[in-house]
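There are 2 protein chains.
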Amino acid sequence: MPDLRKDPIVGRWVIVAKSRAKRPHDFESTSRMKTGGFCPFCEGNEDATPGEIIAYRPAGSHSNREGWRVRVVPNKFPALEIEGDLQKRGDGIYDMMRGVGAHEVIIESPQHLLSTADLEEEELREVFWVYRDRLVDLKKDPRLVYGMIFKNVGEQAGASLEHTHSQLIVTPIVPINVWEEMTGSLEFYNYRGRCVYCDMIQQELATEKRIVLDTPRFLAFCPFASRFPFETWVLPKSHSSHYENIQKNGVEELAAVMREVIGKIEVALDRPAYNYIIHTAPFDSQELPHYHWHIEIIPRLTKTAGFEWGTGFYINPVPPEDAAAFLRDVDMDARTAKTLPVKKTG
Amino acid sequence: MPDLRKDPIVGRWVIVAKSRAKRPHDFESTSRMKTGGFCPFCEGNEDATPGEIIAYRPAGSHSNREGWRVRVVPNKFPALEIEGDLQKRGDGIYDMMRGVGAHEVIIESPQHLLSTADLEEEELREVFWVYRDRLVDLKKDPRLVYGMIFKNVGEQAGASLEHTHSQLIVTPIVPINVWEEMTGSLEFYNYRGRCVYCDMIQQELATEKRIVLDTPRFLAFCPFASRFPFETWVLPKSHSSHYENIQKNGVEELAAVMREVIGKIEVALDRPAYNYIIHTAPFDSQELPHYHWHIEIIPRLTKTAGFEWGTGFYINPVPPEDAAAFLRDVDMDARTAKTLPVKKTG
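Residue numbers (the working numbering), protein chains in the order written: chain A, 1 to 346; chain B, 1 to 346.
Hint data in this document are derived by calculation from the structure and do not stem from the laboratory. Treat the numbers as computed from the prediction; the structure is a model and nothing was measured. Treat the hints loosely; a few may be bogus.
Identical copies go unnamed one by one, so any copy, or any two together, can satisfy a pair.
[Stated by the list, open to error] Mimicking EDC-like on lysine to aspartate or glutamate, the simulated pairs with C-alpha atoms at most 16 Å apart in a straight line are: (1) K209 with D91; (2) K18 with E321; (3) K76 with D47; (4) K34 with E155; (5) K18 with E81.
Given only the sequences and the hints, what does the whole structure look like? Please build it.
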């Protein structure tokens, strides 16, 4: 069972898992992404993963057999384990608890596709819907307080398998970056009485210069203080703090937006490695007036060096205004343009 | 002139520099480290760098000529620029200022060595002393409030040149991670009346299990909530908030400790890429009872994925107790053992 340990200075929780590796030399090289050969996520190889938690498949078809469209399975090498109680405890000035939680893999397609933009819009809707389904289910567990959904594409982004998939880690603590967003946005709300994310949306819509895509329900833009070149955020225009409260029509539009934005990034940057992460409010809160769920998409173009690691202080060589202009100008194929109710800016 | 821009949610400052690159494809690949061929940092190639700010060289020798032992020059591609005023201003909900600051390179040896542990102890003392000299000089500038000293070794750690060097970035703002350490340690101090770092030192000395090296003035240990495998911190045992207040005898011992700890990491992990970062208090504060300067050494063994980026929540596959035990057991060469007043633990 892994530990959850808290840094006594800044309050950051870390998962410390006892690895199978026995000697330091086992950690020498960075992990390689498996490409080619057998893929445990492809249709027909259902036996190669742990049994499915949920799958969208035709009525009457058998679980852990062919025929599924989206499939959620436990991670074979979980960072956290679902059984047992937390055993919160201190050790002198240190705080820790058992590494209880969930670590699941969302296999986004039965086919060996590589990226979000390779999926059809209809398929992608089911991916964003199954995220919601899993959060709704897992938040019933009183031990767990936060669900992180993220996707790694490409070796530079930390992917270990290339078949398009995302991951869900559900934890008994709130991760520090989310905690900082929660407290920072609360401070703004207490001072101004408004949601800082709603204010950003208003200002971005007014100036237009950092907008990548503007649809009836969503806004995609490169944030004013982008840490990374071509960093792009997607926000719902209507205030909402919890991703899992999204409705069917929201998911339909979100799938189209994510497919187009990631497609634009892939055309502009020649299919870079990338991550996206859904930032949403903790389970144990009701709808919050100060927090606003959003998705951060980060192409992995630059190597972060000691400077960034040590200080959280980033050097971004591409102004977000330039990045957004590049992305707006990317021509997408006719099909995407036809099915999406897009109001292009610029 | 680059911008400094502040994220309105969490308060993180970012340097946004207008790159020379004109098209998105110029950012496609991660930067490669230059190896072999001409090295601008080697003795005899002084013309290949901007003119030196300070160098330790024999009296009577000429600046920007051969004969130096340690040499500090402006970064040829600075992240911040030293001229002009800050022009702090708002843009709607956003805050920004001009990217005023200093970005310097400390060339640690006239010879083409690759790592801190390759330097003789006497050479390394001058490196740690010149850090102090530059901080003392730059903190006289009332526009500047923070000096970050860091070192990148190896391509995976973000180095672009292999000749052993470190960097100094001096900024008009406090970087967010340092700010978090300042506020977190103040909170601990207000609650308990003690420095949290001093408490950590006491507890680590009592349990011994995470100690890597214990000398009269310094303690090196793998922190309880290590984010990375073999992450190692070096702290002065006597409370001190500002690195630049270090004395000659402190620098002498610190050089020996850093050389031995990095040497151990290099033997154990077969010369991995690594970073170290000096965490110190802002210029505009007097000696602080709650903050404690320290050095964080981070071997770059694992690729951080979307999970860590998005949440600040790390998965560390090597418990710090195991890492410290590995490092304690590494045999260093006789010379190091002879010259260092080492009290080994374990």
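Unmet hints by their number, sorted upward, for this structure: none
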